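J.: Please arrange chain B on chain A, whose structure you already have, making use of the hints.
There are 2 protein chains.
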Amino acid sequence: MTTSALRIIPLGGLGEIGRNMMLLEYGDDMIAVDVGLMFPEEEMLGVDLVIPDFTYLRENPGKLRAVFLTHGHEDHVGALPYFFREFNVPVYSTKLTDGLIRVKLNEHRLLQGAQLHVVEPGEVTKAGVFEVEFFTVAHSIPDACGLIIRTPLGPVVHTGDFKLDHTPVMDQHTDLIRLAQVGAEGCLLLMADSTYAEQEGYTPSEQLVGEALRNILVNTTGRVIIATFASLISRVQQVIDAAVFTGRKVFVTGRSMIDNVAMARELGYLNAPDGVLVGVEQMRNTPPAKLVVITTGSQGEPTSALTRMANGDHRHITIAKGDTIVLSATAIPGNEQAVYRNVDNLFRLGADVLYNRVSNIHVRGHASREELKIIQGLLQPEYFVPIHGEYRHLVVHARLAESVGVPEGNAFVLTDGDVLEIDEEAAQISGRVSASYVYVDGLGIGDVDQHLLRDRAHLSTDGVVVVIVAVDKQTGRLIRPPEILSRGFMDLEGNEALLDRSRGIVTKALGGGSHIAEFSDINARIRDALSKFLYDETRRRPMVLTVTVEV
Amino acid sequence: MTTSALRIIPLGGLGEIGRNMMLLEYGDDMIAVDVGLMFPEEEMLGVDLVIPDFTYLRENPGKLRAVFLTHGHEDHVGALPYFFREFNVPVYSTKLTDGLIRVKLNEHRLLQGAQLHVVEPGEVTKAGVFEVEFFTVAHSIPDACGLIIRTPLGPVVHTGDFKLDHTPVMDQHTDLIRLAQVGAEGCLLLMADSTYAEQEGYTPSEQLVGEALRNILVNTTGRVIIATFASLISRVQQVIDAAVFTGRKVFVTGRSMIDNVAMARELGYLNAPDGVLVGVEQMRNTPPAKLVVITTGSQGEPTSALTRMANGDHRHITIAKGDTIVLSATAIPGNEQAVYRNVDNLFRLGADVLYNRVSNIHVRGHASREELKIIQGLLQPEYFVPIHGEYRHLVVHARLAESVGVPEGNAFVLTDGDVLEIDEEAAQISGRVSASYVYVDGLGIGDVDQHLLRDRAHLSTDGVVVVIVAVDKQTGRLIRPPEILSRGFMDLEGNEALLDRSRGIVTKALGGGSHIAEFSDINARIRDALSKFLYDETRRRPMVLTVTVEV
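As given, the protein sequences belong to chains A and B, one line each in that order.
Quick note: the first sequence uses this note's numbering, first residue 62, plus one each step.
Quick note: the second sequence uses this note's numbering, first residue 62, plus one each step.
One chain only, chain A, in its complex shape (with noise of 0.2 Å):
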């Protein structure tokens, strides 16, 4: 390693979507950007959840100075509790986003101690030889901000999440005319939003929602119900602004949309006239037509208020022909059957359901292809890193990058683990660093493995058969017929003949019952020609557990 160069390590987030966290390091000082959590893909079978692995700064102690937060959402500041149980080192993060995780670290009691620093956009913090300001950009939360981050190489931009929309709800701009200041000093690296590197175009601003959101609260005669992202404050707003418009009073439900609401209000995020906000007394006594709910569930979340309402059990809004419910989000990759479960459930309960396939109910918070190109014009930087997404989001980004002149050669790909080293010269790839998928099952954080995954899923397939044999210590012979029960595999037990000719396989297995061996081998035996038998019967594949009693 060269003392003088920069590196980039990203620990998360560069070949998947979430657990963003990326490293700069320069001589003896380290910095953080984000510390997400990614929540489980299909095949990660019972794990709450993934967050980035820190075994990096676990070999380099004392060397991080600062982690700094761009913004509020789960994917770039929820694995904060874990991070904080082996860290403690000063974070830095606008208004909202210190409120949210302030909520978050107490839950987990982990507040006290912690280092935590409200900062302004355009203010300067110094960690290291680093220099970080944060800088605001468009987004679908608050306070959503990107980074200036000045090296001894030169500034380095990286833009967090972002959209250009000139029209925001709650007035905050991506900073064009600072990015444009930076650019005009010479930018030495860019990393820039890829999720929506694949979009042609331009994402649309915030503002058509509201006008679509106030349209249907005009035209609807019956009781409205919105369904939202919880941290999606502005889209809150604007369904306040189209209810006072209306004069329709607003209940808000769903345990995360009601206390973020609350904090919202608290730090003056959000603005509701006296008297709009209703109780559930005052909602039960407002004619539907009066009437607007907020609520969580707009991803299908099994125990989210809107997914109750859906089932038919939500304690105290029951869906009926008349209502209109309104789901202003996309289905998150991975959450569309849920989400269309909903869909369905709330039909058949008779109610009229907008959604995104049928309406124009949701924008995007990430810049699309052409957003892209202008923050590259903007800056005109010598190295690009693609950031944020999945696999091919990164190759289409630093496509689109060299499109529009970044020279070619100079947009590296990286994934989680890669360390980008660059010097007064150039930059290469230089080495990798542990970037495992650190799975959090129930209190277990790293203990589920991709062992353990495995099992899971042959478990989920074609489920488990346990066989116990009980055989003499003396003669190693059966003393009693086997005893075999199963679980998700078939309805064994009500499968006489079946059962019969399993204890069969076993006993013979065992040699007839009359020799001696090894119990692992026996153990191995018995499982081998079980597993056969029930294939050749059933073309199932059971996991076939085996345990020898001597007695």
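The hints are simulated quantities; they were obtained by calculation from the structure and are not laboratory data.
Because identical chains share one entry, a pair is satisfied inside a single copy or across any pair of copies.
With a Cα cut of at most 30 Å, we get these calculated BS3-like pairs of lysine-lysine:
| id | residue 1 | residue 2 |
| --- | --- | --- |
| 1 | 165 | 593 |
| 2 | 569 | 534 |
| 3 | 351 | 382 |
| 4 | 382 | 434 |
| 5 | 187 | 124 |
| 6 | 156 | 187 |
| 7 | 310 | 156 |
| 8 | 124 | 156 |
| 9 | 310 | 351 |
Keep in mind it's a predicted model, so treat the numbers as computed, not measured.
T.: Chain B in isolation, oriented as in the chain A frame:
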């Protein structure tokens, strides 16, 4: 039941995508349209496929006069092998459909004795009181048809799967003239494809794809590999045409693609000039710039040719820089993760990948809203039943129909098992028949039930823990420490402390080993105590199985 009433009974396909099967009944006569299969949804763990429920046919033996098949896709014909095990009635279809089902029935050794009849569009087939005429439709497989079914109460039109395509590749238009004639006569009931009832505007013509593919072959200097559905013969024809135009050879790979290409050529549905299609040896000797590969795997199927290429273990084809892979298909809902994993892996191998998000290389086979309105306008049916779709598609389609002239209350949103009864005066939903999901898993048909699936879900989330206690049959006392093993839960075997405490919990649940109790009671007590203990310690809920061996 009124004997002079027509009864419409969907056994599958209404409320889900797949396993299409519709019964029409009048007096003692019954006909079926399609006998399709459905691929399992996410929560149907370990299930291979899902077929319609034939209970109502079993309850009404001898009534079914014939089966009519609209086209050869799996969701319309795939359950025939299961149907033929129980029922043998005449089956009518057009030539290519007949060819496809012969292959399938032959694999299942059910071809002998099957009464398969090839019909031409325009030909009329009598089946009891019904007279059935096929009419051509444009869809993503040749020889697709809809049906005009004459009943004592008037003509019923079943569209099958269709779109309007004024410039189809294989010259098969949706027969608008024939539909207009039925409309002029007076259409009693229309049943129409709802798959894209959410989609505004028109579905583009197949011709667009042909142009896009030709452009790719013209402008690419390396090898081009095109993945699509094996049944999408017209797409294969377009690839061959483009290959001929650019002087490239064509190599076909993937079992079902090879079989379908052979069958389609034999039946005259695919034209390839001599020498264009090449075998492995000739493929190896052809320079990349002169080669196109057609392959299966557009849905990311784990053992398909494209997935093997993406994983670097295809027998004949090694992906490298310079290759261009074209995914000429969209990911069917549920397959997205697998499809995009292939895209990512192909990019990692250095290839260029063109897929739907970034190129215009696939069009769908189903009608969008403006096309659906045209069909309504031509037929002006008295009653309307939306078919082929999830519940929301059916609702949206029914509303579309009412918006263009179907009398209010005459559009019926049915789901599987609903009975719609139509007589001279009116129509109404008059009852229900059995229409459960019937799961095929290995050799088992219908033996996997909700209970078994719940067990598999439980096992998949937190694994299994097995406890074996050996007790003295006289005293009920433990004669040795309990034995505990686990799979998919955690590395319990490697955690001696937790294992010890678990043994203690089990021993304690047995009353300290000095208590006599019923075995069933003992097992339940051990299970409850250990489950609670493990949850408290790990926040995981493995399935706990207990076996008591009495010695």
